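J.: With the hints as your guide, set chain B onto chain A.
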Amino acid sequence: MATAIQMPSLSPTMKEGKITKWLKKEGDKISSGDAIAEVETDKSNLEVEAFDDGFLVKVTVKEGESAPVGAPIAFIGEKGEKVEGAPAPAAPKAEAPKAEAQVVPIRQPPPAPAAAAPSGRVFASPLAKKMAHDQGLDIKALHGSGPAGRIVKRDVEAAISKAPPAAARAPAFVPVVGRQDPEKIPLSTMRKVIAQRMAEVKPGVPHFYLTVDVEMDAALKIREEAKALESKVSVNDIVIKAAAVALRRSPKMNRTFQGDHVLQHKNVDVGMAVAIEDGLITPVILDADQKTLSQISTESRELAERARRRALKPQEYTGGTIAISNLGMYGIDSFVAVINPPHASILAVGTVSDRAVVRDGQPAVRKMMSVTLSGDHRVIDGALGAEYLKELKALLEHPMRLLF
Amino acid sequence: MPEIMYREALNQALAEEMERDRRVFLIGEEVGKYQGAFKVSQGLLDKFGSARVVDAPISELGFAGLGVGAAMIGLRPVVEMMTWNFAILAMDQIVNNAAKLRHMSGGQLRCPIVFRGPGGAGGRLSSQHSQALESNYAHFPGLKVIAPATPADAKGMLKSAIRDENPVVMIEGERLYALKGEVPEGEHLVPLGKADVKREGRDVTLITWSRMYYFCEQAAQQLEKEGISAEILDLRTLRPLDEEAIVGSVKKTNRAVVVEEGWPHAGIGAQVVDVIQSGAFDFLDAPVLRVTGLDVNMSYAANLENATQPDAAKIVAAAKKVLYAEGH
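Chains as they are written, first to last, in the numbering used here: chain A, 3 to 406; chain B, 1294 to 1621.
So that you can see chain A by itself, here it is in the shape it has in the complex (with noise of 0.2 Å):
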């Protein structure tokens, strides 16, 4: 009896998963470890390994088709084995369920179940499907499960209990019909998390601004020393390592909120918000405040350079509490960003330019930049984020206060 495997979930959002590459075709020896197809998610492009001996004796999703999570991609069997029936995730039968295949995708916890369908083909109880229609949600973005993703209502119930309140929910979008005929543009995995994530960070979590102007020459200086040392050191990564430094130092903006309670972290994890085609995507340096900053420079190079190839693995761009977006290469003065949930804050930073500035009473031309901080106000107040501002400015302005 040939055996399913399924498209794993390989992130937290991931809720389907494009087939970039098959590495094993119909008919080769499977050995459990065996890395079988490459696997493009929201985010980015992961291998998955089978957990079986066998035969792969059919693949039904091919290079360049997606597939929800927990639909099968591909069986295992004997040598030879015919699979029949349709690849669509089917509700089980009456009988015992046979097990599935195990694929995890290497380096990660093994996959949680997840919603959506094949071909834009959403399972879901007629029970679901209603309260969410009551409730103005939109199924497709449901996460379901139960079997094959199905989404059943304890998936409602965790989306209505999670969603605004209705009098809160503005109209998603307007619909428009466009002069000229506009071009109709799908939209891509990316796209669509951030949509989602974005209108539900907004009006879900209560965001404060904290803006302060920072005097950028002397860590300006220490960029010039590092060049002469042959370190490439930016003003992003100064900013990083002052921003992960100030966190340490300001233990209670280092917390997430968690519903009904608050983590109180104890490692210092920053991110650092990548543009790339079609989004943006934010790696996180772990433990930056105990990272030097030439180590920060070289990780953060790195890892962007890999964001952009979308070759990020999913732990690399989830956790951390604060994240930087840095706009200054675009000219940008000073901007409020929207907070990544679970992070607790970010800061927007803007350019680095020569302004006027009054000091010991006289006109003077400093390099100046504004900082932003955008706080959850669930678990971070006004005063808190003032401080820790403090703090950020005095470590870039007296960048040597990064040393002790």
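Hints may be right or wrong, so weigh each one.
To be verified - Pairs of lysine to aspartate or glutamate residues, derived as DMTMM-like cross-links and limited to a Cα-Cα distance of at most 25 Å, are as follows:
1) A:Lys132 / B:Asp1496
2) A:Lys132 / B:Glu1309
3) B:Lys1545 / A:Glu159
4) B:Lys1545 / A:Asp136
5) A:Lys395 / A:Asp219
6) B:Lys1613 / A:Glu42
7) A:Lys395 / A:Glu226
8) A:Lys229 / A:Glu304
9) A:Lys315 / A:Asp136
10) A:Lys254 / A:Asp383
11) A:Lys164 / B:Asp1496
12) A:Lys293 / A:Glu226
13) B:Lys1544 / A:Glu159
14) B:Lys1544 / A:Asp219
15) B:Lys1518 / B:Glu1493
16) A:Lys132 / B:Asp1575
17) A:Lys131 / B:Asp1567
18) A:Lys229 / A:Asp219
19) A:Lys132 / B:Asp1567
20) A:Lys194 / A:Glu80
21) A:Lys131 / B:Glu1537
22) B:Lys1518 / A:Glu159
23) A:Lys315 / A:Asp140
24) B:Lys1332 / B:Glu1309
Simulated from the structure, these hints should not be mistaken for laboratory data.
Since this is a predicted model, take the numbers as computed values, not measurements.
T.: What follows is chain B alone, placed relative to chain A:
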């Protein structure tokens, strides 16, 4: 309220109705001198005499027809079948005459008759004597089919059946006759066509009747320990089905398991599932599952007989499956 056995409850119903209405009489094999094969008619011969408690020869088709004729001319016969397995011989009288007379005579004839006797597996009686045949009779328009689970329902429903103007097929539980329960004394009527919520619950409805009710109760107690609240709907009447009660309960719990002793193919449970899918479609969170007798003839061996029938463990497993509470 006194606790009496299921067979005693039936006996009370017969005695009370025979006392109340002199048109009522009992006919069947061993109902008189032997006091009933299962002692349901104990003492009735002495009380009402051989004109009203009639020992019939071993000829099911014959005495069933005698009953139908008596009903046509205004009597109210109760025809006891030693078991429903033997009543297969009388099928023609029950479905071709009793069920159709009112229709075929344009309402000029009535057939107020009760055919009653035990059904289901009796315990190591092998395949010919271990059948739950209720779906056979529930198939026919013109018949009412009842299958009470408790002594109180047995009494109240037999009394209602005897007073009903239509032929009623009453399938008693062969293994329930010695079961004790509280039964109201004297006038106690349970309406036909009304299901009964025997246990209130929130998470899943177990729909059943007759002896399977007790397995459902065991299953519900087990589920309760695991935090699952099961409602038990005892259909009691299998034709006409209490569709309102079925749909109402499933609308509340969103999930259902139908438990029947008989075979799955064209079983009563299939009809119940149809009622649910057409009446509560938008309220279903999972496909309705059925726990039935296995689709094989009954074995004589005790272990195989038990394995063939539904039990609490099978019901618990099905309930968890519709709740997505177990691995899938």
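J.: Is the Cα-Cα distance between Lys132 of chain A and Asp1567 of chain B 25 Å or less?
T.: holds, 20 Å
J.: Regarding the pair Lys132 of chain A and Asp1496 of chain B, is the alpha-carbon distance no greater than 25 Å?
T.: holds, 18 Å
J.: For a C-alpha distance cap of 25 Å, please report whether Lys194 of chain A and Glu80 of chain A respect it.
T.: Distance ~39 Å between Lys194 of chain A and Glu80 of chain A Cα, so the pair is violated.
J.: Lys293 of chain A and Glu226 of chain A were given as a pair; does the straight-line alpha-carbon distance stay at or below 25 Å?
T.: Roughly 20 Å between the alpha carbons, so the hint for Lys293 of chain A and Glu226 of chain A holds.
J.: Holds or violated: Lys229 of chain A and Asp219 of chain A, Cα atoms, limit 25 Å.
T.: holds, 16 Å
J.: Taking only the CA atoms, is the gap from Lys132 of chain A to Asp1575 of chain B under or equal to 25 Å?
T.: holds, 6 Å
J.: Please verify whether Lys229 of chain A and Glu304 of chain A have alpha carbons no more than 25 Å apart.
T.: With Cα atoms ~18 Å apart, Lys229 of chain A and Glu304 of chain A stay inside 25 Å; holds.
J.: For the pair we were handed, Lys315 of chain A and Asp136 of chain A, check the Cα-Cα distance against 25 Å.
T.: Violated, at about 38 Å.
J.: For the pair supplied as a hint, Lys1613 of chain B and Glu42 of chain A, is the alpha-carbon distance within the 25 Å limit?
T.: The given pair, whose Cα atoms are some 35 Å apart, is violated under the 25 Å limit.
J.: Has the given pair, Lys1518 of chain B with Glu159 of chain A, been kept, meaning a C-alpha gap of at most 25 Å?
T.: OK: Lys1518 of chain B and Glu159 of chain A at ~24 Å, within 25 Å.
J.: Quick one, are Lys1518 of chain B and Glu1493 of chain B close enough, alpha carbons at most 25 Å?
T.: holds, 15 Å
J.: Sort out whether Asp219 of chain A lies within 25 Å of Lys1544 of chain B, counting only the CA atoms.
T.: Roughly 70 Å separates the two Cα atoms, so the pair is violated.
In terms of the numbered hints stated before, the structure departs from hints 2, 6, 9, 14, 20 and 23, listed from lowest to highest.
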